[in-house]
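*Asks:* Residue numbers (this note's numbering), protein chains in the order written: chain E, 26 to 293; chain H, 2 to 311.
Keep in mind that a hint or two might mislead.
As the list claims (entries may be wrong) - Computed Cβ-Cβ distance ranges for the label pairs, DEER-style:
| id | chain 1 | residue 1 | chain 2 | residue 2 | range |
| --- | --- | --- | --- | --- | --- |
| 1 | H | Asp110 | E | Ile225 | 42 to 48 angstroms |
| 2 | E | Ser174 | H | Asp110 | 55 to 61 angstroms |
| 3 | E | Phe96 | H | Asp111 | 38 to 44 angstroms |
What the hints assert, rightly or not - Pairs of lysine-lysine residues, derived as DSSO-like cross-links and limited to a Cα-Cα distance of at most 30 angstroms, are as follows:
| id | chain 1 | residue 1 | chain 2 | residue 2 |
| --- | --- | --- | --- | --- |
| 4 | E | Lys28 | H | Lys137 |
| 5 | E | Lys33 | H | Lys134 |
| 6 | H | Lys133 | E | Lys28 |
| 7 | H | Lys91 | H | Lys134 |
| 8 | H | Lys137 | E | Lys33 |
| 9 | E | Lys33 | H | Lys91 |
| 10 | H | Lys91 | H | Lys104 |
Derived from the structure by calculation, the hints contain no laboratory data.
Glycine included, each C-beta is placed from N, C-alpha and C at the ideal position.
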Amino acid sequence: MFKVEWIKALRRWRTYLIAAALGGVPFLIVLAVKLSPPTPSGSEDAPPFLLQIVQNGLFAPLTGLAVVQPFFLSLAIGLFAGDAVAGEAQAGTLRSLLVRPVGRARLVLSKYAAAMTMLGVLLLGVIASGALFGGIAFGFGPLPTLSGSSLSVVQASLRILAAGGYILVAAAGITAIGIFVSTLTDSGPGATVATVILAITSQILDNIPSVHAIHAYLPTHGWLAYTDLFRFPVDWEGMRAGIVVSGAYAAVFLTAALLVFGRKDVTA
Amino acid sequence: MTALVARGLTKRYGDVNVVDGLDLTVERGELYGFLGPNGAGKTTTIRMALGLIVPSGGEVDLLGQRMSTRGRPSSLARTGAMIEEPALYKFLSGRRNLEVFAKAGVGRDDVRRRLGRIDELLEIVGLTSAAKKRVKAYSQGMRQRLGLAVAMLGAPEILVLDEPTNGLDPSGMREIRQLLQRLTEGGTTVFVSSHLLAEVETMCDRVGVLSHGRLVAEGPPSALRGAVERVRLDVDDAVRARGILAAMPGVELSPEGERQLRIRLLGDVTAARVNAALVSAGVEVSALVPERESLEDVFLELVGDGDVQG
Numbered sequence: 026m027f028k029v030e031w032i033k034a035l036r037r038w039r040t041y042l043i044a045a046a047l048g049g050v051p052f053l054i055v056l057a058v059k060l061s062p063p064t065p066s067g068s069e070d071a072p073p074f075l076l077q078i079v080q081n082g083l084f085a086p087l088t089g090l091a092v093v094q095p096f097f098l099s100l101a102i103g104l105f106a107g108d109a110v111a112g113e114a115q116a117g118t119l120r121s122l123l124v125r126p127v128g129r130a131r132l133v134l135s136k137y138a139a140a141m142t143m144l145g146v147l148l149l150g151v152i153a154s155g156a157l158f159g160g161i162a163f164g165f166g167p168l169p170t171l172s173g174s175s176l177s178v179v180q181a182s183l184r185i186l187a188a189g190g191y192i193l194v195a196a197a198g199i200t201a202i203g204i205f206v207s208t209l210t211d212s213g214p215g216a217t218v219a220t221v222i223l224a225i226t227s228q229i230l231d232n233i234p235s236v237h238a239i240h241a242y243l244p245t246h247g248w249l250a251y252t253d254l255f256r257f258p259v260d261w262e263g264m265r266a267g268i269v270v271s272g273a274y275a276a277v278f279l280t281a282a283l284l285v286f287g288r289k290d291v292t293a
Numbered sequence: 002m003t004a005l006v007a008r009g010l011t012k013r014y015g016d017v018n019v020v021d022g023l024d025l026t027v028e029r030g031e032l033y034g035f036l037g038p039n040g041a042g043k044t045t046t047i048r049m050a051l052g053l054i055v056p057s058g059g060e061v062d063l064l065g066q067r068m069s070t071r072g073r074p075s076s077l078a079r080t081g082a083m084i085e086e087p088a089l090y091k092f093l094s095g096r097r098n099l100e101v102f103a104k105a106g107v108g109r110d111d112v113r114r115r116l117g118r119i120d121e122l123l124e125i126v127g128l129t130s131a132a133k134k135r136v137k138a139y140s141q142g143m144r145q146r147l148g149l150a151v152a153m154l155g156a157p158e159i160l161v162l163d164e165p166t167n168g169l170d171p172s173g174m175r176e177i178r179q180l181l182q183r184l185t186e187g188g189t190t191v192f193v194s195s196h197l198l199a200e201v202e203t204m205c206d207r208v209g210v211l212s213h214g215r216l217v218a219e220g221p222p223s224a225l226r227g228a229v230e231r232v233r234l235d236v237d238d239a240v241r242a243r244g245i246l247a248a249m250p251g252v253e254l255s256p257e258g259e260r261q262l263r264i265r266l267l268g269d270v271t272a273a274r275v276n277a278a279l280v281s282a283g284v285e286v287s288a289l290v291p292e293r294e295s296l297e298d299v300f301l302e303l304v305g306d307g308d309v310q311g
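With the rest of the complex left out, here is chain H:
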């Protein structure tokens, strides 16, 4: 059974499709990274998936249930979410916030179960000693942690997190990454949006790249990155080498570089063949270094100049 499915999901504001016919599938137990620049439509997609926004077209199923703003979809009770900034009552303490969100729901057992998890969650997010302080006095990072605790209150089957490491320092980011990985090991599905590539790259099983409301790439981070191979060549005669490389089909030559040339190999051209061509033409190749293209390069290629719409 899938955790989250969007089919042709569209949200139109005025004459701009902020989300534009999005098809997306998140499997159970997956740690899925939803990547895209600011304004790509990530938050709008998440809000539609949680029944906060009515889609203009298409549909979205959360834990097998069609989402709408009407009624109270029961799948939400099995979902934990943190959308954008952690939404908290600043005049209440951290613990009191958790209590309020636990008690706000219906179902006595559900409320009791959530209340019973508060101590454990405060411990997990490292707020036990600050639990009695008003959220007003919390730092951004502490609020982020408390927001995560609120999201995890119901021991959810799927955790939907929008930019969860915003405002955290590097060690805090790492803690959150490890926490999310632990959760997926325990069977929880995690859907996490981010505009930070490094973050998604290191923790996600699968990444979807959103640009202008459309999914422009999807797959494991390694597969996305491996789509294009780059090679660095150190040569003695750059001018001759450039001439030869420019004539080779399937080789894209970067205009910069004196002794060091950078090429991208497209199609079935291999680095060995490039090397052979250069050497047989009398160019001395002192080094041939494959440079894995970083996910960032792939990302920038996919989303273009980062022009924000909507």
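Isolated chain E (complex conformation):
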């Protein structure tokens, strides 16, 4: 079932579209920075790390991850998780799979595993594309940390991969919510949009100080904690909290998806 998900994904245009969108972001950033280097005074709203790209191409993959995460990653989660079951229901193929037979629990878990793997591959693509174009344009050098010390190119590369890994783990909760939403409806686009809206709303709420009390419980609360990987020593607190929140959402919503879908009347 997991393999089948890949066969299907690799033959859909939208997979390549979202991959191109994500992989293209670091390229656009590098191009923009190369053509018109940012000045510190005019870049107060710029994403983290943007200013440093000119000095070190290693900042390109990091900037890529930072730029991709809030919107494009949410969109990818919507496409891979939100559409996972609902899209099959809409096409009618869900009933064919179930009578094949594919067990309902296996179907849900395979869909989740496939969505997470695809997100992982996309994030790797962002890192690879950033490293490639950043390296070509600006070359690599030791990476200064937020604490002032610096990391060797190898160490920095490992940290960047770790950041990608953390972003993936932190997305596990929203992805599970997407799968859950997907079991509730027979409309693929509906579930996709609902998932994207949830992911973005969570990030917006996380930025509104007046609802500070709920911040720690938002599924995307830990999304930005990967920046702590670039401190010396690494501050694990935020990432630990992010993993716990994401893991808790993943556990709760996967269980809910299994329970709901396990006894659902499949009439689509």
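Dock chain H against chain E, hints included.
*Replies:* Showing chain H alone in chain E's frame:
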């Protein structure tokens, strides 16, 4: 051993019983026609039999195994099904669809066996030359054929087909009928639903008629049809004849017709007795033609005005 058994099978949506205490038995090797107007509960029954819908009451056994939405009933691996529209991945080619459905299951041997049947099945349903085209570009009839190929992928012991000839032209319908008959000759049980009488009448061993979620008649098509006999009488004096016939018990007279009268014989009244009564009263009977009631007439009588529920 029976292929499919439903006992008191019920599905309630709101306060309507879409399937209402259905008792049904399909024997192995049978070609069973499940007949009913749209909305009679055919698809809901089929979905319960395949574990897609939880019954509100009663139970259904498929190949001897109780069906439920939980787990993965192993009898499904020995069943092929096509429910309503053929469900296919439109962005994949015909062959790729078959591969995906073969690979989606568990069990390496089972998957390999299904993959090995793809060429043969494409040949059987006549899609060999279109196998590489995306399903998006298929006509309705081609999709229907591919859906059948998906259903037959596992060389199933029972084939459950919901309106399999929908969207096919007459020659396509005939091909499917012949294919299903060949399959039953080879020992496969075929359970086929339809709202088309002619289709079921010509191919099925046994027919069950569903109306408002209940089985209102069951038997071989010939037996269903033979339940009532109709006779056409050509007479010289319709007025006198009507008077005589109206007085005969067990004769139902159709109000229409001038020289040609149509009667239905109920109970043990025979056409010969009707003839004798007319002739002895001086009415000249120039023709007496038994008209077998068509299955369609029986069907419409059984299901009423076709009022759709649910």
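*Asks:* Are the hints correct? Go through all of them and say.
*Replies:* Here is what the structure says about each hint:
1. H:Asp110 / E:Ile225: 42 to 48 angstroms: holds (47 angstroms)
2. E:Ser174 / H:Asp110: 55 to 61 angstroms: Holds, since Ser174 (chain E) and Asp110 (chain H) (Cβ atoms, about 59 angstroms apart) stay within the stated range.
3. E:Phe96 / H:Asp111: 38 to 44 angstroms: holds (43 angstroms)
4. E:Lys28 / H:Lys137: holds (23 angstroms)
5. E:Lys33 / H:Lys134: holds (15 angstroms)
6. H:Lys133 / E:Lys28: holds (21 angstroms)
7. H:Lys91 / H:Lys134: holds (10 angstroms)
8. H:Lys137 / E:Lys33: Between Lys137 (chain H) and Lys33 (chain E) the Cα gap is close to 14 angstroms, so the pair holds against 30 angstroms.
9. E:Lys33 / H:Lys91: holds (11 angstroms)
10. H:Lys91 / H:Lys104: Holds: Lys91 (chain H) and Lys104 (chain H) sit about 17 angstroms apart, inside 30 angstroms.
Every hint from the earlier list agrees with this structure, and none is contradicted.
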